[in-house]
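Protein chains in written order, with the numbering used here: chain A, 3 to 369; chain B, 11 to 303.
Simulated from the structure, these hints should not be mistaken for laboratory data.
Possibly wrong hints are sitting among the right ones.
What the hints assert, rightly or not - Each computed DSSO-like pair below joins lysine-lysine, with the alpha-carbon atoms no more than 30 Å apart: (1) A:LYS219 / A:LYS266; (2) B:LYS220 / A:LYS110; (3) B:LYS194 / A:LYS63; (4) A:LYS110 / A:LYS127; (5) A:LYS159 / B:LYS194; (6) A:LYS111 / A:LYS5; (7) A:LYS276 / A:LYS296; (8) B:LYS161 / A:LYS110; (9) A:LYS24 / A:LYS111; (10) A:LYS159 / A:LYS34; (11) A:LYS335 / A:LYS296; (12) A:LYS296 / A:LYS312; (13) B:LYS161 / B:LYS92; (14) A:LYS127 / A:LYS111; (15) B:LYS92 / B:LYS131; (16) B:LYS92 / A:LYS24; (17) A:LYS161 / B:LYS220; (18) A:LYS24 / A:LYS5; (19) A:LYS34 / A:LYS63; (20) A:LYS63 / A:LYS16; (21) A:LYS16 / A:LYS276; (22) A:LYS161 / A:LYS111; (23) B:LYS194 / A:LYS111; (24) A:LYS219 / A:LYS24; (25) B:LYS161 / A:LYS16; (26) B:LYS92 / A:LYS219; (27) A:LYS63 / B:LYS161; (28) A:LYS63 / A:LYS159; (29) A:LYS111 / A:LYS159; (30) A:LYS5 / A:LYS276; (31) A:LYS24 / B:LYS220; (32) A:LYS5 / B:LYS194; (33) B:LYS92 / A:LYS16; (34) A:LYS127 / A:LYS175; (35) B:LYS220 / A:LYS111.
Given the structure is predicted, the values throughout are model-derived calculations rather than measurements.
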Amino acid sequence: MAKITLQNVSKQYKGGEIQALKQINLEIEDGKFFCLLGPAGAGKTTTIKLIAGVEPLDSGKIFMDDQEITDLLPNQRDVAVAFETYALYPQRTVRENLAFPLRAPLRKKEWSEQQIQARVEEVAKLLGIDDLLDRLPRQLSGGQRQRVALGRALVRKPKAYLFDEPIAHLDAKLRHRMRGELRRIQLELGITTVYTTPDQLEALSLADQMAILNEGKIEQIGTPSEIYQHPANLFVARFVGDPPMNILRSEVQGEEAYLFGQTKLHLPDHIRSKLAAADIQRDLMIGVRPRDIKLVAPSSEQALLRGQVKYVQVLGETSILTIVMDSHEVRIKMNTQDAPNRGEAVGLNFAVQDCHFFDPRTELRLD
Amino acid sequence: MSVNAQTFAPISSGRKAAILRSRRLVTWLSYLLTALLVALFLFPWLWVLSLGFKTRAEIMSPNIVWFWTPTLNNYIEVLINKGYWRLIINSLIVAVSAVALCIIIGVPTAYAFSRFPIPGKESWFYMILTFRMAPAVVLALPLYVLFARAKLLGTFGAPILAHCTFTLPFVIWLMRSFFDDIPKEIDAAAMTDGYSRWETFLYAVLPLVKSGIVAVALFSIIFSWNEFLYGLILTSDATRPVASQIPSLIRPHGTLWGEVCALATTASLPVAFLIFALQRQLVRGLSFGAIKG
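Pulled out of the complex, with its shape left as it was, chain A reads as follows (with noise of 0.2 Å):
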């Protein structure tokens, strides 16, 4: 069990062509399940390389408790990668496979060979690949492959499991109960785990603490209900949240913004001493969640905005609703029960203190 600590650490590839990694500060608390998330080529697996101690960074330090590891061999470290790619050893079975981190000649006398079959077995159990333990490899589907590459970092208990997209690969109904076996070993043992992922939803369910990461930059760290009742800047708005965050651009005139130039909002005192604090004159970004919008009657006297449903797509018992006016399009997640047909007029309501304010310049929260 360990805290891991990234201090401005930057990697480049090929040359300086692609800049990996820029300036990355991190801090992950001992013992606590923490989600990288972004999109693809953020920067996760490099992040996750560089903490394994498999490629060498440009610039800055890496502490494992206060000790620090930034030239310490991968074997010197400590911890267990379950990688994007499986990198199993080919020629060796699934047991093998499993078997072949306590077979380390550093861990001679830790591991007898009894106790290393128990353990497989046991590990294979959990993942429910105890019936291929005796085929290669190349005799697995992906999904089987992936669990065993999760295996062979599961059978240990390290300082740190990082796990990068380790269910990516799995069908969704075993994926949810891997999402949950994952949580739940993770709890048992209290082992502190880096945990790479594009999909928000499983970040949002699995994390103690996210960071955002994009195109090399972390954009926000914090707990789960943090990001996503705060997030810091337009790129997690739209990111984090299931359909995204509707952005709307305002014009501000006084103590109001105008939408669509047809709709007055009385902008909060806050706000409003932020705006003037931040030289916005017009333009202001104003996000709602889809969640947070209701239907009314497009006559009534609530209705802040008109528009008409282009689409509803029915989820179960949540239906998601696409509402366009003029150009711009509009979605919002409601019962299904209450949903309105395709084609009709309606209005919108929702409330000011639901509303996430962005600066369109510099992208950042202004609250």
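Dock chain B against the given chain A, drawing on the hints supplied.
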């Protein structure tokens, strides 16, 4: 639409027969070509084999003697009476030692070339390759002087080290491409699994190139076995490999063709046997992709 209709139009039975005929023709032609090639390679060898079992009169006859009673006299004379069977042992000692040495040094070197960021790596690599290109004559005399000073002349050390000049670059060059084919994630996985760099090489990577090593070693043994010049110049009678001794059968009063062929046949047998025994490994090792999981 019209294009689609054409593609799906049924093929007439006449056209079908024509396609089948041309396909059969291609098959027969390829058989014929293969047979020709095999004959081309096999003929000299069979010729040598047959001469070894003929008497001097039969060999020298102006008309080719197609039917004769095979004699073992050539074999008895060259192997036993002249005592040349010992040269086969010499060849074995030289070839096996040279190849073992080159595998032990060359395989880890190739791994280093594949994995480590050595400054000027590609230049070093091509420099090693160019050593392979140097003709033996260029190196023979300098090596003679060098080995004479080191008092290696007349010992097995001389031909063994000399053979390394062409075997080692070959091993490094081929083994590197085998290692390059193995994803670096395998190394990364083994190292995070708790293995040191050296243990990663031994336990995770080396098992993946096993058949590659067998193929490379086999080729190296063949090169070494067939090597002539170093074997002639850098050795004494006691350490000379078999291939280099054949010229001694060319006498002022005529070449002993029967004995030459008997010795050549005997010398070919160990290598032929090796290739036959390791055929499967060889094919697997040469088809690079086969080592991937």
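Here is what the structure says about each hint:
no.: 1; hint: A:LYS219 / A:LYS266; in the structure: 36 Å, violated
no.: 2; hint: B:LYS220 / A:LYS110; in the structure: 25 Å, holds
no.: 3; hint: B:LYS194 / A:LYS63; in the structure: 24 Å, holds
no.: 4; hint: A:LYS110 / A:LYS127; in the structure: 24 Å, holds
no.: 5; hint: A:LYS159 / B:LYS194; in the structure: 25 Å, holds
no.: 6; hint: A:LYS111 / A:LYS5; in the structure: 27 Å, holds
no.: 7; hint: A:LYS276 / A:LYS296; in the structure: 27 Å, holds
no.: 8; hint: B:LYS161 / A:LYS110; in the structure: 47 Å, violated
no.: 9; hint: A:LYS24 / A:LYS111; in the structure: 42 Å, violated
no.: 10; hint: A:LYS159 / A:LYS34; in the structure: 15 Å, holds
no.: 11; hint: A:LYS335 / A:LYS296; in the structure: 9 Å, holds
no.: 12; hint: A:LYS296 / A:LYS312; in the structure: 16 Å, holds
no.: 13; hint: B:LYS161 / B:LYS92; in the structure: 28 Å, holds
no.: 14; hint: A:LYS127 / A:LYS111; in the structure: 25 Å, holds
no.: 15; hint: B:LYS92 / B:LYS131; in the structure: 51 Å, violated
no.: 16; hint: B:LYS92 / A:LYS24; in the structure: 77 Å, violated
no.: 17; hint: A:LYS161 / B:LYS220; in the structure: 34 Å, violated
no.: 18; hint: A:LYS24 / A:LYS5; in the structure: 22 Å, holds
no.: 19; hint: A:LYS34 / A:LYS63; in the structure: 21 Å, holds
no.: 20; hint: A:LYS63 / A:LYS16; in the structure: 21 Å, holds
no.: 21; hint: A:LYS16 / A:LYS276; in the structure: 43 Å, violated
no.: 22; hint: A:LYS161 / A:LYS111; in the structure: 19 Å, holds
no.: 23; hint: B:LYS194 / A:LYS111; in the structure: 29 Å, holds
no.: 24; hint: A:LYS219 / A:LYS24; in the structure: 6 Å, holds
no.: 25; hint: B:LYS161 / A:LYS16; in the structure: 50 Å, violated
no.: 26; hint: B:LYS92 / A:LYS219; in the structure: 81 Å, violated
no.: 27; hint: A:LYS63 / B:LYS161; in the structure: 55 Å, violated
no.: 28; hint: A:LYS63 / A:LYS159; in the structure: 25 Å, holds
no.: 29; hint: A:LYS111 / A:LYS159; in the structure: 16 Å, holds
no.: 30; hint: A:LYS5 / A:LYS276; in the structure: 37 Å, violated
no.: 31; hint: A:LYS24 / B:LYS220; in the structure: 41 Å, violated
no.: 32; hint: A:LYS5 / B:LYS194; in the structure: 28 Å, holds
no.: 33; hint: B:LYS92 / A:LYS16; in the structure: 65 Å, violated
no.: 34; hint: A:LYS127 / A:LYS175; in the structure: 17 Å, holds
no.: 35; hint: B:LYS220 / A:LYS111; in the structure: 29 Å, holds
Consistency note: the structure conflicts with the earlier hints numbered 1, 8, 9, 15, 16, 17, 21, 25, 26, 27, 30, 31, 33.
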